[in-house]
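> Work out the full structure: start from the sequences and follow the hints.
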Amino acid sequence: MSFVREFIAHLFPRVVRRNDLKLTYTFCLGGLAFTAFLLLMASGLLLLFYYQPTAEGAFASILFLEEQVAGGKYLRSLHRLSSHALLILLFLHTLRVIWTGAYRPPRQLNWLIGFALLCLALFAGYTGYLLPMDQLALWATQTGMELLHTLPGGGILHAFLVPDGIGGSLSLLRFYALHIVVLPAAMLILISLHFYRVRKDKGVLPYL
Amino acid sequence: MIDYVKSSPHFFRLIKRAFVAVCLILLVLAAVIPAPLQEAADFGRVPNPSKSAWFLLWTQELVSYSNYFVYLIVVMGLFFALLPWLPRTRPAERACWFPREQRVVNLLTLASFVLIVTLTIIAVFFRGENWSFVLPF
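Heads up: the sequence lines are chains V and D, in that order. The first sequence begins at 1 in this note's numbering and counts up one residue at a time. The second sequence begins at 1001 in this note's numbering and counts up one residue at a time.
If you're looking for bench data, these hints aren't it; they were derived computationally from the structure. All C-beta atoms, glycine included, are put in the ideal place defined by N, C-alpha and C. Worth double-checking, as some hints may not be accurate.
Stated by the list, open to error - FRET-style restraints, in silico, Cβ to Cβ:
1. 50(V) / 1094(D): 46 to 54 Å
2. 7(V) / 1135(D): 52 to 60 Å
3. 1040(D) / 163(V): 18 to 26 Å
4. 4(V) / 1103(D): 40 to 48 Å
Pasting the structure below:
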């Protein structure tokens, strides 16, 4: 296990300035967001064992999870709250980066990576919203999809995301695949890049 | 002379505390706040109003004024994506909150933040049937 500890230790600089350790320097928002992301993945992984990504079975599997599985209701609540926390913390982290000038050269690439992560998180939140297939999920997602039509090129995106309409079997499966495989994988890759660039551009805290 | 301290234990202690704090807060809140679950999806019954997910509600609120506001959203997105490449952006030499040399960016960011939060609050609490303005109490 010392290998793991050393690997994690290598993500951080050997020394830091004492002043950089003041909480108000960054409020640790990026790290907090990553923590929420880890909780999301852990709770989501457990939810995978019960959820059925079919138009007929989705809602029934959620009911089963909530009423028959010990801790199932709690698990779903944790997953949902972690997603809220992730989005809010990412938003605040973005604000902090801008307002402390940490987006400026030589951190342009890292800013782009972070911005992409914010977009991916929003997209993951949106794809996850549909999965319970209750009235709230269905119509919130449908409304969101209608908003897409107002975008130039929105029709193409719409055709890809919901080939048979929101709640149709193919669309639900597509949202499911995006939510549990494609988006988390993309986010993990970008998160790794983000951390790497933070170190490369000097310091986990800005301006070592 | 810069006052350096070793990351272990000083920095790592801070990180661990932040990690544990967020985990505990979320784990406790999850027990207190249940996830809502309504009746099964029914294509024949459209809720009025039909609201999108909370983190997208500000876009719905904006588009409800005029479809052309979607371009404002696109422009905002592009503006923030390309922030480091704006003209007259100079390398940051020292970290500090609200640097004077990026005053315009600070103000635009603050305006965007206030706009997004305000629109979200309006859409969540003050929109009733047919997207009419209602008082939530």
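> State for each hint whether it applies.
Hints versus structure:
1. 50(V) / 1094(D): 46 to 54 Å: Given about 51 Å between the Cβ atoms, the range holds.
2. 7(V) / 1135(D): 52 to 60 Å: About 55 Å separates the Cβ atoms of residue 7(V) and residue 1135(D), which means 52 to 60 Å holds.
3. 1040(D) / 163(V): 18 to 26 Å: At 22 Å between Cβs, range holds.
4. 4(V) / 1103(D): 40 to 48 Å: holds (45 Å)
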